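*Asks:* The chain contents come next:
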Amino acid sequence: MSAMRTYSVAVVILGGALAVALLSLLPAEHALHVPGYVVALLGKYLCYALLALSVDLVWGYVGILSLGHGAFFAIGGYAMGMYLMRQIGARGVYGNATLPDFMVFLNWQELPWYWGGFNHFGFALLVMALAPGLLAFVFGYLAFRSRVTGVYLSIITQALTYALMLAFFRNDMGFGGNNGLTDFKDFLGFSLQSDATRAGLLVASAALLSLFYVVCRMLVGARFGKVLVAIRDAESRARFLGYRVERYKVAVFVFSAVMAGLAGALYVPQVGIINPGEFAPANSIEAVIWVAVGGRGTLVGAIIGAILVNLGKTIFTGALPELWLFALGGLFILVTLFLPKGVVGLWDRIMARRVPAPPLVAAPVRQPEAGE
Amino acid sequence: MRKFLVTCALVLFAALAANPAAADPVEDILTGFASSKYDDIEKSIDALAASGDAAAPAILDALSAGDLQVSSDKKLYIKGDDGSLKEARSGADATGEIPPGLKAVKVNNRVRRAIDAAMGQLTLLSPDPAKRLSAAASQFHAPDPAQLPAVESAIAKESDPAVKRAFEQARAAIILVKSDAPDADKIAAIGLLAARGDEDAKSLLDAATASGSPAVADAARGALKGIERSLAWWSAAQNVYYGLSLGSVLLLAAIGLAITFGVMGVINMAHGEMVMLGAYTTYVVQQAVMVAAPGLTDYALVLAVPAAFLVSGAAGIAIERSIIRFLYGRPLETLLATFGLSLVLQQAMRSIFGPTNLQVDNPSWMSGSMDLGGLAITYNRFWIILFAVAIFALLTLVLRKTALGLQMRAVTQNRRMAASMGIRTGWVDSLTFGLGSGVAGIAGVALSQIDNVSPNLGQSYIIDSFMVVVFGGVGNLWGTLVGAMSLGVANKLLEPVAGAVLGKIVVLVLLVLFIQRRPRGLFPVKGRAVES
Amino acid sequence: MTEVTDALLYLDGVTVSFDGFKALNTLSFVVAPGEMRAVIGPNGAGKTTMMDVITGKTRPDQGTALFRGSADLTKLDEAEIATLGIGRKFQKPTVFEMHSVTDNLLLALKGDRAPRRVLFARETLSERARIDEILETVRLSAVRRRLAGELSHGQKQWLEIGMLLAQEPELLLVDEPVAGMTDAETADTADLLRRINQTRTVVVVEHDMTFVRALDVKVTVLHEGSVLAEGSLDHVSADPRVVEVYLGR
Ligand SMILES: Nc1ncnc2c1ncn2[C@@H]1O[C@H](COP(=O)(O)OP(=O)(O)OP(=O)(O)O)[C@@H](O)[C@H]1O
Ligand SMILES: [Mg+2]
Chain V
1 MSAMRTYSVA VVILGGALAV ALLSLLPAEH ALHVPGYVVA LLGKYLCYAL LALSVDLVWG
61 YVGILSLGHG AFFAIGGYAM GMYLMRQIGA RGVYGNATLP DFMVFLNWQE LPWYWGGFNH
121 FGFALLVMAL APGLLAFVFG YLAFRSRVTG VYLSIITQAL TYALMLAFFR NDMGFGGNNG
181 LTDFKDFLGF SLQSDATRAG LLVASAALLS LFYVVCRMLV GARFGKVLVA IRDAESRARF
241 LGYRVERYKV AVFVFSAVMA GLAGALYVPQ VGIINPGEFA PANSIEAVIW VAVGGRGTLV
301 GAIIGAILVN LGKTIFTGAL PELWLFALGG LFILVTLFLP KGVVGLWDRI MARRVPAPPL
361 VAAPVRQPEA GE
Chain B
1001 MRKFLVTCAL VLFAALAANP AAADPVEDIL TGFASSKYDD IEKSIDALAA SGDAAAPAIL
1061 DALSAGDLQV SSDKKLYIKG DDGSLKEARS GADATGEIPP GLKAVKVNNR VRRAIDAAMG
1121 QLTLLSPDPA KRLSAAASQF HAPDPAQLPA VESAIAKESD PAVKRAFEQA RAAIILVKSD
1181 APDADKIAAI GLLAARGDED AKSLLDAATA SGSPAVADAA RGALKGIERS LAWWSAAQNV
1241 YYGLSLGSVL LLAAIGLAIT FGVMGVINMA HGEMVMLGAY TTYVVQQAVM VAAPGLTDYA
1301 LVLAVPAAFL VSGAAGIAIE RSIIRFLYGR PLETLLATFG LSLVLQQAMR SIFGPTNLQV
1361 DNPSWMSGSM DLGGLAITYN RFWIILFAVA IFALLTLVLR KTALGLQMRA VTQNRRMAAS
1421 MGIRTGWVDS LTFGLGSGVA GIAGVALSQI DNVSPNLGQS YIIDSFMVVV FGGVGNLWGT
1481 LVGAMSLGVA NKLLEPVAGA VLGKIVVLVL LVLFIQRRPR GLFPVKGRAV ES
Chain R
2001 MTEVTDALLY LDGVTVSFDG FKALNTLSFV VAPGEMRAVI GPNGAGKTTM MDVITGKTRP
2061 DQGTALFRGS ADLTKLDEAE IATLGIGRKF QKPTVFEMHS VTDNLLLALK GDRAPRRVLF
2121 ARETLSERAR IDEILETVRL SAVRRRLAGE LSHGQKQWLE IGMLLAQEPE LLLVDEPVAG
2181 MTDAETADTA DLLRRINQTR TVVVVEHDMT FVRALDVKVT VLHEGSVLAE GSLDHVSADP
2241 RVVEVYLGR
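Chains as they are written, first to last, in this note's numbering: chain V, 1 to 372; chain B, 1001 to 1532; chain R, 2001 to 2249.
Keep in mind that the hints were calculated from the coordinates and are not lab data.
Don't take each hint at face value.
To be verified - Over the 10 Å line for every Cβ pair with chain B, so calculated as not near, a few chain V residues:
#1 Arg5
#2 His30
#3 Thr98
#4 Glu110
#5 Leu126
#6 Phe139
#7 Gln158
#8 Leu192
#9 Leu219
#10 Glu322
#11 Ile333
To be verified - Covered stretches of chain V, going by a simulated chain R footprint (3 or more residues, C-beta under 8 Å):
#12 221-228
#13 240-254
Said to hold, decoys possible - Calculated Cβ distances over 12 Å to all of chain V for the following chain B residues:
#14 Ala1034
#15 Pro1099
#16 Pro1214
#17 Gly1340
#18 Leu1404
#19 Lys1504
Computed from a predicted structure; not experimentally measured.
Just so it is clear, CB atoms sit at the ideal spot from N, CA and C, and this is done for glycine as well.
Looking at chain V on its own, in the form it has when it is part of the complex:
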């Protein structure tokens, strides 16, 4: 894809978000005013889009189908949640200046050591990126070194997020148990209830998404990306050419996890809560389907898919809540059966019929791993 096109995607995302943000600051009676909940909703979509982008990077380009990316997203979210909890200070129900409400409720006397430092945003930011990255490193190192691939890998990533979900449900983990972290007041000193803060968060999400989109685009366009696709399509060929496949996989997996973690971090202030439900295996699989709907291995597709599906979810759950799961389930089936290249592939096909042009990106349909 040309640099022009790369940047135009980023510009559309950022420009659109800026426009919506500005409109939301108009007086409420103005015809073009965008209500605050729409801003928060869009911000949420963009965070999901970033999560989808991270999934597409590993699945679309390296063939690692992670069913546990929701875990990285949630960990980033918890790191942000911990910062936001500390920001509440003495304004909680119990008025305790250091302990969050749930700890007071559990009769805890002091802050657990791992909550230390979260009153500084810089430290929290570091954890939002490093904690998912570290988990991905340990997990990826073990898994890729012993050459766990394909569905086996998918299944153990799913088990990973499942185990984390169980762990975070426990009260004595010190992350609020069942209820998670919520009742946040402000972020970097700005009230989370104000329209301006919401608009700011939306723009921040768009900026982060655009930034990562451009970085990913450059990454997959460069020789590094070619190695990744080579690994995806013929792992053993790559090995016999001298590439340490596991190192590439770990590197990309960690990068992708950091991306997902930051997405989760920005998600939390916009929805106002983070709880263990975010670790549910179904969430991770849903992120995969966004990518499939948009078009695997295209990056743009991940963004489009995440926004489309979540828009559908919002509309459906408002109008016909009981039909949503039918629709989502049907989407999984139909897309895999009839749209292996997703919306982007469909678009390419339609365009190709009109003007013969090179495909957007050569997305894989099936790649039997050659062992010999």
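Starting from the structure of chain V, add chains B and R with the ligands where the hints point.
*Replies:* Just chains B and R with the ligands now, kept in the frame of chain V:
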């Protein structure tokens, strides 16, 4: 000499009991109930209990319920709930006219207390050994020194060895709490309790360690140590039993997967929903039987097994024909499509049956439990273990011995060759998938007995099932068996140490590590087929 | 380790078993530097398994496998062995189907494979020249922009050989390079391998006897996991055991 006297007394007693024509003291006692004084009534109660007469329990029952009536000629009647009248002693329907001056025998709280005590004593002497046993147990659990003579006389009369032992233990318990019992008796009692060696004995002994007499306290401490050791063993054994039962649940849930995933290599994320369908089928069958033949409700489960197999099997075949067939060789896509399917199936059940848990009844032969040494074997778990093993054996046979099994293996080992030998590979695929799904449905029947029947039933087992199959080694039924059992036991042994949730997490983490060490599981199938 | 041999490739007593079945049975196989060797033998003789052992894909149960007399091939993994200078063409042609022909060669070019180096690598002029040169050699210049997946079977075989060349290995292992080729292509391939052999050591596995004859090199006959005969093609064809198990009467 004393023995002789006792024997004489017994003979006499037997003779009396055998000869109804002899003067009947019970009739005399019963006339006491006609008195309007509570004191007299109380005395009559005690005397009636001491007589051990067969009609006594019914009379006392009626008395405490306010149904005992006395006529002006001092004859006793029991009024039934339907207004009928029976003669109290014989239990025969009262004939003729309503006896004159009929009124209820009065009771107050003191009388009630007397009735309760009398009932306890009566059950010690009840002709039904099960009743005597439970009377002994209640004495043991709430030892009352006042009952010592009653218990001792019961011991003397008892002929059933099991009941006798129970009485002796009850006596030991009483002696232990009786403050004025001699040390020697207490130490003997401690010996008896140590032999019993369960949680209850332990708490009694615990109390005895605080005894004023050092000899008794020492003996109690010694006995405690022994009991604790054996209790630890029993509790470990109990956990292993729980583990095996969890393992069989896992086995049931995973064994269908061992076929679809292990043998065919198809990732079916809707496998849990096949299990769920089986559970819902059980519910429907049970409801239908309840309506059509209420007497057979206990056996609805037996009917549900083939029904669930057919329903889930048919669903499986439909899924294979309509979705999976198009995705062979694309495992990741299969995974996604079948996950979507699982969402659809869950929502469908939610729409049809509602989101709440459905009540599936345990048949009577599956409720309750038995004690085996220090083990409590619950019948439902026990049946599930048996059931799982039976299904496993059956499936192994089907794969080994039937034509379908043979063709299945042929197709999975070399599809092209099998096709060229005239095997209709498409049908074999469908049937294999149907078999795996049908077995999942059968698992649903079992799970409906121990878990909530809800649309989410399958979800809670899917990850565990995959873990079992992968742990055991793909393509290997025995691996699945060993995998399921060891995971079940590991889970339950960790539970007391780490807590239920943490135990599960530890097992999951260990599994993930294990898979990374040995990606092909415990019992890997070697060969080219798995490498490509 | 002290140098125990001056052979480039030295296998001794190598045994590989799968579930009790011995795919290689105390195999000994020595290739001198600069040599070209043809390996023949019936299906299932263990030829591919031998290559698996040399390239680190399969670990032998027993035996020694040394490269340049010092590197213990049984201890290294595929990537390390490739970096040492052993290149391998698979029996079933394996190229990166979703990449163009040039990109396939680019990825194969000798160079630092560490992720952080590759991350900032830019294609240099000398790399481009080298790719052009290889494209000429394997006669794929005309299809350089096509996706490798769109090539014909024979072209894929050649592309894979081209990738081997790009790797600049000291030793090339070539498993059935002419399977599925026309007679003319077969002759060309023999020609190509002989040219490659002018600068590198080559081990070729082939069933095609005309091809082996065209190579005109020392032949090793494998049977049931061990060496049955070794020598010139005429020499081994005269061996009655070879005729019995492989060549046929
Ligand atoms: N991973 C494996 N698992 C089980 N058996 C194997 C494996 N790899 C090879 N074999 C067996 O080892 C034997 C030797 O196989 P190999 O591929 O080395 O033969 P070959 O000489 O290359 O035959 P061909 O000429 O057909 O390529 C065969 O019987 C094969 O089935
Ligand atoms: Mg071979």
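*Asks:* Each hint needs a verdict: does it hold in this structure or not?
*Replies:* Results for each hint:
no., hint, in the structure
1, Arg5, "holds, 28 Å"
2, His30, "holds, 41 Å"
3, Thr98, "holds, 27 Å"
4, Glu110, "holds, 23 Å"
5, Leu126, "holds, 26 Å"
6, Phe139, "violated, 8 Å"
7, Gln158, "violated, 6 Å"
8, Leu192, "holds, 32 Å"
9, Leu219, "holds, 22 Å"
10, Glu322, "violated, 6 Å"
11, Ile333, "violated, 5 Å"
12, 221-228, "holds (count 5)"
13, 240-254, "holds (count 9)"
14, Ala1034, "holds, 65 Å"
15, Pro1099, "holds, 68 Å"
16, Pro1214, "holds, 42 Å"
17, Gly1340, "violated, 2 Å"
18, Leu1404, "holds, 25 Å"
19, Lys1504, "violated, 6 Å"
In terms of the numbered hints stated before, the structure departs from hints 6, 7, 10, 11, 17, 19, listed from lowest to highest.
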